[in-house]
Amino acid sequence: MTQVPPSPPGSTRPALVLKDVTKRYGGVVAARALRLEAGPGELLTLIGPSGCGKSTTLRLVAGLERPDEGTICIVDEVVADRRHWQPPERRRVGLVFQDHALFPHLTVAKNIAFGLDKLPRAERSRRVGEVLDMVRLGHLASRYPHELSGGEQQRVALARALAPKPAVVLLDEPFSNLDDNLRTKVRADTVAVLREAGTTAMLVTHDQTEALTVGDRVVVMRDGEIEQADTPERVFESPATRFVASFMGEADFLPARVRNALLTCEIGVVSTVPGWTTGWDVDVVLRPHEVALAVDPDSAARVVAVEYHGAFVLHTVVLGSGSTLRSWQPHAVRHPIGTPVTVSVVPGITPTLLIGDTAVTAPPL
Amino acid sequence: MSRPAVLVRERASAVRPSPAAYSGRPWWSLFTVGIAVLVATPVVAVVIDAVRQAASPDLPRGLGAMVLTTLLLMVGVGVGTLVIGGGLAWLVTAYRFPLRDALAWLLVLPLAMPAYILGFVFLSAFDVSGPVQQMLRSVFGTDVWIPDVASLPGAILVMSLTLYPYVYLLTRAALVEQAPGTYDAARTLGASRSRVLWRVLLPLARPSLAAALALVMMETLTDFATVQYFNVRTVSVGVYLVWKGSFDFGSATQLSALVLLFAVAVLAGERLLRGRARYHQRPGRGHGLQPEQLSGRRAAGATAVCMAVLGAGFAVPVLQLLFWAVGDAITDPASLWDPRFADYLTNSVVVALVTAAVCVLLSLMMGHGLRLGGGWFVRAAAQLTTFGYAVPGAVVGIGVLLAFVALDRTLEALGVAGGTGLLVTGSVVGILYAYVVRFLAPAYQAVDASFAKVSPTMTMSAMSLGAKPRRILRQVHVPLVRPGVAVALVLVMIDAIKELPIVLLLRPFGFTTVSVWVYELASENFWEKAALPALVIVAVATVPVFFLFRHVRLIDTAHEVG
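In order, the protein sequences belong to chains A and B. Quick note on numbering: the first sequence equals residues 676 to 1040 in the working numbering. Quick note on numbering: the second sequence equals residues 3 to 564 in the working numbering.
Derived from the structure by calculation, the hints contain no laboratory data. For every residue, glycine included, the Cβ atom is placed at its ideal position computed from N, Cα and C. Please note that a few of the clues may not be correct.
Unchecked claim - The list that follows gives simulated cross-link-like pairs (lysine-lysine, DSBU-like), each with its CA atoms no further than 35 Å apart:
id	chain 1	residue 1	chain 2	residue 2
1	A	K860	B	K455
2	B	K470	A	K785
3	A	K785	A	K840
4	B	K455	A	K840
5	B	K455	A	K785
6	A	K860	A	K785
7	B	K455	B	K470
8	B	K455	A	K793
9	A	K694	B	K470
10	B	K470	A	K793
11	B	K470	A	K840
12	A	K840	A	K694
Stated by the list, open to error - Restraint ranges, calculated between C-beta atoms of paired labels, are given here:
id	chain 1	residue 1	chain 2	residue 2	range
13	A	R688	B	A382	39 to 47 Å
14	A	V703	B	R472	27 to 35 Å
15	A	G726	B	G417	56 to 64 Å
16	A	T884	B	R476	39 to 47 Å
17	A	G804	B	A382	45 to 53 Å
18	B	L347	A	G701	34 to 42 Å
19	B	A267	A	G701	49 to 57 Å
20	B	V46	A	R741	29 to 37 Å
21	B	L347	A	G726	42 to 50 Å
22	B	L40	A	K860	48 to 56 Å
23	A	T884	B	A454	33 to 41 Å
24	B	R472	A	R688	28 to 36 Å
25	B	A382	A	R741	41 to 49 Å
26	B	A454	A	S1019	53 to 61 Å
Can you build the whole structure from these sequences, using the hints too?
What follows is the structure, encoded as structure tokens:
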């Protein structure tokens, strides 16, 4: 796997392409017609609830599963389709697992050298030193895995996967075994190393914050299908579906109706919708930071719960109709339970609109 | 070994639930299926042959009595081991008394005493010409009524004394390892200790008890020499006697099929008894069952009961064997240098070594093959290879003979004059084959247990790092499952050295092992001559018991910590 030179810098050939990839287990479709591309050096995060197919996707790319339909290419080479099949050891793919999967009977250096057996000895030890420096663990080369901390084991696993210069590195929930306070640090280190190595990477996670902070693009999956694959900003601010809206961060939904190019709902006009004809029924996606509160004794809406989160205070409000909205307030603002409030949308926000479960930007034809 | 072992244990919890299910490697899958076919062949041969003859049954006379005897023996030994093993387990777990800590693990020792050795020591002491009866007659006169010792109850007693440790071990594990929280909850709900035992602990221990009973019954069914000393004609003995008496394949095969039915019934019974219960409890927090201090007469009684069982099952017979062996060495020093002894011992050890090596090698390949994937069919094939252990030796022997006869016919039909010739009857190949069929199960289970502790992600990582299957086997799997390999080697060797009916059925002319020698000498009442080889077998069989000691001690420490 080291024979093929890495893509030249500036190349725009995708490092990884999935074309209509489908995988079934018995009657269950674990992955349905997946289409995905990852550019060179790009870091994708895969997120979704358990059983959504994110791990299956990773296994398909690694060659641990064979797709029933579709094509997988790694840097211009077809590794799986109807006729071709490359087993994992012939693909230029590196793997990092949650349990790190270091070989317990080998030292750190030998773990890293495991994938370099085709290199001449001198070159092998040079490469081992190189990646050990990259993860700043040069001083631990002769230790055994069980003598390392969790964070160090994770870095060794990453170094081992990077050593043979794979075209794609796949990381399967690599941080979920680590303590909360350690995780942020290890995550930042890992991303830095991946950036330095310039490798394309795909990281599976179940942590929304992780997916948004780490990924160049976030791939949200559900029931074996990709719901949205886009930049973190777009995924959070313009979710493509109702599921993405509620899964990636908190969201409440209010029914609204178009009237004279204005979108009106229970809390009033939330947006202008030029080009829409009167009468359309939609759902408005409102995130807590987009909802403003003001005390108003005449209002039918009441604060029903107040949660202190430190910097912010989360207020839950029940509207007259019984619908619930949540609102982030600065930490000094705290409306007691039962306070009557009027609710509005923070100025400058263009909320996402849903028809059915799909987001729309223009009136349907 | 210790370093990876420690880590392997830690890793066990990180193992993902789903095994690697990636598209398998055809050659490795084929290999596993091949082994399964090889192991299944003798048993399948017996079944096919029996079914073919079902139209014209050719069963020996006295079959009904044979079946009844077998049933009585199995039930009797089952009850006996339950009482002795279960009772002792409760005693050492629930109470403290003098010597309890030492006795807790010493009580496993009778497992090292093959029933056919305890059997002849027992007979020599209690039979008509034995010292006990002589003494009774000299005290009470010659017409005192003494029950016949060489009988079904005698056999049940002897076999219960050697087999109870299975029940003892599994019951103790169940009593101690059941979540202590459950025990604490029951106690805080107001249940007394004995009520908790009957209403909570025993129902929870049911799967373990079922497994232990199944083991005991299998061993009883397989036994061959003990029952003959005691004139108990079971179906397993029947197979051998019919074959050796008349070389009549027909009835031997049909009897073998009958023995197989018994084995299947035992396995089905275990499933039934276990029910749908799957009590995999995690050792949680809590005190659990804490031993209660006994004092005075009750403490002395508890110690005495344990000592009595240990004495009858192990200490006294070993002393008796030592006494005989030493006495024999003094009266007839030349017997110590009997060249036959060295010869037979070499036979035993060589056959055992080769069997162990082959079994471990096959187990490694299967475990590795499964790791590379292949789906349910390959997994089923691997599971099939473990069935041989449940098949009594005599049946495996007949099956191997049948299989080779079929092979001979095929070869001759293909034009190979003489077929396999003397390959089977003239060499130990037949014995080795039968041994592998019978002992692949313990080897595979030990190796597989080690494989289970190796996270599938380890295999996947190795693959993604460019290692081909053979390199993964050599550099990743073999080093990581070494503990299981060691256990497998030892277990198979010991089983092979103790094995009797297979050698008797399949040995080439003039080939004798230590176990056969003991059996022959004891059958002819040469107790003193049989003592030394018997001691050798007991010594060898003690080795795996030391593995168990460690297990018992682990239970104990888990217990004390709570």
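Given the hinted pair K694 of chain A and K470 of chain B, is their Cα-Cα distance within 35 Å? holds, 28 Å
Cβ separation of A454 of chain B and S1019 of chain A, checked against the hinted range 53 to 61 Å: holds, 60 Å
Between the beta carbons of T884 of chain A and A454 of chain B, is the distance compatible with 33 to 41 Å? holds, 35 Å
Pair hint K860 of chain A and K455 of chain B, alpha-carbon separation not exceeding 35 Å: Holds: K860 of chain A and K455 of chain B sit about 30 Å apart, inside 35 Å.
Would the pair K455 of chain B and K793 of chain A pass a check requiring their Cα atoms to be no farther apart than 35 Å? holds, 29 Å
For A267 of chain B and G701 of chain A, compare the CB-CB distance with the range 49 to 57 Å and indicate the outcome. Violated - the Cβ-Cβ distance for A267 of chain B and G701 of chain A, about 33 Å, lies outside 49 to 57 Å.
With a cut-off of 35 Å on the C-alpha distance, tell me whether K455 of chain B and K785 of chain A pass. holds, 21 Å
Quick check on a hinted range of 39 to 47 Å for R688 of chain A and A382 of chain B, using CB atoms only. Given range 39 to 47 Å: holds, Cβ gap about 45 Å.
Regarding G726 of chain A and G417 of chain B, is the given constraint of 56 to 64 Å on their beta-carbon distance met? holds, 60 Å
Check whether the Cα positions of K860 of chain A and K785 of chain A lie no farther apart than 35 Å. Status holds; Cα separation ~26 Å.
Can you confirm whether the C-alpha distance between K785 of chain A and K840 of chain A stays at or below 35 Å? This hinted pair holds, its Cα atoms lying about 17 Å apart.
Hint check for R472 of chain B and V703 of chain A - Cβ pair distance inside 27 to 35 Å: holds, 34 Å
The structure fails hints 18, 19, 21, 25 (numbered hints given earlier, in ascending order).
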